[in-house]
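Residue numbers (the numbering used here), protein chains in the order written: chain A, 1 to 305; chain B, 1 to 240.
Hints are computed from structural coordinates only; laboratory data are not their basis.
Owing to the predicted nature of the structure, the values given are computational and were not obtained by experimental measurement.
From the three backbone atoms N, C-alpha and C, an ideal C-beta is built for every residue, glycine too.
Just to be clear, a hint being listed does not mean it is correct.
What the hints assert, rightly or not - In the DSBU-like style, the derived pairs of lysine-lysine whose C-alpha atoms are separated by at most 35 Å in a straight line are: (1) A/Lys185 / A/Lys76; (2) A/Lys220 / B/Lys90; (3) B/Lys90 / A/Lys185; (4) A/Lys122 / B/Lys123; (5) A/Lys256 / B/Lys90; (6) B/Lys153 / A/Lys276; (7) A/Lys163 / A/Lys252; (8) B/Lys104 / A/Lys128; (9) A/Lys220 / B/Lys104; (10) A/Lys305 / A/Lys122; (11) A/Lys3 / A/Lys119; (12) A/Lys276 / B/Lys123; (13) A/Lys252 / A/Lys45; (14) B/Lys213 / A/Lys220; (15) A/Lys252 / A/Lys119; (16) A/Lys45 / A/Lys185; (17) A/Lys138 / B/Lys90; (18) A/Lys220 / A/Lys119; (19) A/Lys187 / B/Lys153; (20) A/Lys76 / A/Lys305; (21) A/Lys3 / A/Lys138; (22) B/Lys104 / A/Lys163; (23) B/Lys77 / A/Lys276; (24) A/Lys163 / B/Lys90; (25) B/Lys20 / A/Lys305; (26) B/Lys153 / A/Lys305; (27) A/Lys185 / B/Lys104; (28) A/Lys163 / A/Lys45; (29) B/Lys90 / B/Lys77; (30) B/Lys213 / A/Lys305; (31) A/Lys163 / A/Lys185; (32) A/Lys305 / B/Lys77; (33) B/Lys123 / A/Lys185; (34) A/Lys187 / A/Lys252; (35) A/Lys122 / B/Lys90; (36) B/Lys90 / B/Lys104; (37) A/Lys187 / A/Lys3.
Claimed, not checked - Chain A residues, not near chain B, derived (Cβ > 12 Å throughout): (38) Gln5; (39) Val183; (40) Glu280.
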Amino acid sequence: MDKIQQTLLEQIADIHSVPEGAYNIRANGTLAGRNTTANIDIVTKEDKPGIDIVVRPGTRNESVHIPVVLSESGLKDMVYNDFYIGADADVTIVAGCGIHNCGVDTSEHDGIHTFYLEKNAKVRYIEKHYGEGEGTGKRILNPTTIIHVGEGAYLEMVTVQIKGVDSTIRNTEGDIAAGATLVVKEKIMTHGTQYAETNFSVDMNGDGSSASVSSRSVAKDSSVQCFRSVINGNAACSGHTECDAIIMDQAKVTAKPELTANHIDASLIHEAAIGKIAGEQLIKLMTLGLTEQEAEEQIINGFLK
Amino acid sequence: MLELRNISYQVEDCRQDILKNINITIEERFVAITGPNGGGKSTLAKMIAGIVAPTAGQILLDGEDITGCSITERANKGIGYAFQQPVRFKGITVRDLITLASGKQIGITEACNYLAEVGLCAKDYINREVNDSLSGGELKRIEIAMTIARGAKFTIFDEPEAGIDLWSFNNLIQVFEDMHQKINGSILIISHQERILNIADKIIVVSDGEITKTGTRDEILPGLLNTTGAACRTLMDKLV
């Protein structure tokens, strides 16, 4: 691994050396390192690019890191990663992609991640996206996440894209069985002429299932963001979706919620707020001695924290 | 010392002047401004902090003309300002605000001490977000804790008692009594509360954009209380 790739790894996965536990590092489209444990197996797919991550039932307090780094300009990478999480397992999965593009060609990584959570499994899934590089080539990331949450299972997905990604279309689909929970928290900041589109679609199919999808975003300069959130309540369930965006400069933000209750005991809520930084927030911090710019930074950092 | 010279303030859509030729010198440790609602008191406070610019007149801090200074510059020259309606932030914690207010990296113990001074149990609050989950009274106390952490040489409080419940009010008075003892500089407090006015070294009455009375509490307070209706006086007695 070279210096650039190491920096990318630090940004997306907080990895400074070899991670603990199971891991699979993909660099410029090829395998750069892998480790499996007694409970977590990682197998290369034979029919298409990608891996299967198999977590044995009952595995507790283990983690899997599967970062992807691209430092070659013009590379288009596409992977299919499937996660099989056994019953009663409790694991943390850290994914993410970092692109360094110093050339003129577009670098793109499209990851299709599918989760199968068996009964009472618990997963915390963290996905960070980051781009850098002084080249004029675009940095594009299009992640698709498909989540099947089995009975009584729980999946929390935290996605963060703070810097340097020119274009992203993120699709997340989920179906949730009885007593199961899906929590999605998204944080996005766009600047320049970047484009970020988020499409959530969640079906709550079992009684007692619940879903919470929240997005916090900051759109600067002339960037454009679009947040779509579809929640279908097909049983006695509760769903909540929230979009909270700060808009700056000439940016544009769209929020399109769509709630459908197909069951009398489905309870669904949507909240959306888009607006510029409140003037009184800036003034308050300026009365503490911060300049307007410093105040703005504090407000955005706090908002996306 | 803060000096306001011939301060006036008009807005285009309003026929009446909001402030008319105000002249005040504040060198005492604890000065209270009181008067009816809509009389221009909060506008005056905002003007000192730099949030509102006067249409005429000068503001001097320790002899230096700060009329043209920005909010940030005034803050750095030693003006502190506790809002009447504290601001809520998403994601910013009580600790973040107290640290920003102190202007330096402070340890958790020091941050907690400021909260303890305003009667908040530090461990319950230090990592809370300053958002809608806090009540008006809790926000008010955090606002005061921030002001203590700032330790500015000239601090303005705009109706610190507003939104504070009766039970907390006694503690609040204690906070101001302590501050009166410790302050190295001046406190300007806008208040309607007799118990706050009662600890002031000087009271200024502002009404209809003008100063109608200035004097020590012994000179001003009796007159103010006599103008209060009997029913209100009974209520005031119950409050104190």
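To see whether the hints hold, each was checked on the structure:
no., hint, verdict
1, A/Lys185 / A/Lys76, "holds (27 Å)"
2, A/Lys220 / B/Lys90, "holds (18 Å)"
3, B/Lys90 / A/Lys185, "holds (15 Å)"
4, A/Lys122 / B/Lys123, "holds (30 Å)"
5, A/Lys256 / B/Lys90, "holds (22 Å)"
6, B/Lys153 / A/Lys276, "holds (33 Å)"
7, A/Lys163 / A/Lys252, "holds (17 Å)"
8, B/Lys104 / A/Lys128, "holds (31 Å)"
9, A/Lys220 / B/Lys104, "holds (29 Å)"
10, A/Lys305 / A/Lys122, "holds (24 Å)"
11, A/Lys3 / A/Lys119, "violated (42 Å)"
12, A/Lys276 / B/Lys123, "holds (32 Å)"
13, A/Lys252 / A/Lys45, "violated (40 Å)"
14, B/Lys213 / A/Lys220, "violated (51 Å)"
15, A/Lys252 / A/Lys119, "violated (42 Å)"
16, A/Lys45 / A/Lys185, "holds (29 Å)"
17, A/Lys138 / B/Lys90, "holds (32 Å)"
18, A/Lys220 / A/Lys119, "violated (42 Å)"
19, A/Lys187 / B/Lys153, "violated (40 Å)"
20, A/Lys76 / A/Lys305, "holds (31 Å)"
21, A/Lys3 / A/Lys138, "holds (21 Å)"
22, B/Lys104 / A/Lys163, "holds (28 Å)"
23, B/Lys77 / A/Lys276, "holds (29 Å)"
24, A/Lys163 / B/Lys90, "holds (21 Å)"
25, B/Lys20 / A/Lys305, "violated (46 Å)"
26, B/Lys153 / A/Lys305, "holds (33 Å)"
27, A/Lys185 / B/Lys104, "holds (32 Å)"
28, A/Lys163 / A/Lys45, "holds (31 Å)"
29, B/Lys90 / B/Lys77, "holds (29 Å)"
30, B/Lys213 / A/Lys305, "violated (50 Å)"
31, A/Lys163 / A/Lys185, "holds (17 Å)"
32, A/Lys305 / B/Lys77, "holds (31 Å)"
33, B/Lys123 / A/Lys185, "holds (27 Å)"
34, A/Lys187 / A/Lys252, "holds (16 Å)"
35, A/Lys122 / B/Lys90, "holds (29 Å)"
36, B/Lys90 / B/Lys104, "holds (22 Å)"
37, A/Lys187 / A/Lys3, "holds (27 Å)"
38, Gln5, "holds (31 Å)"
39, Val183, "holds (18 Å)"
40, Glu280, "violated (5 Å)"
In summary, the numbered hints that this structure violates are 11, 13, 14, 15, 18, 19, 25, 30 and 40.
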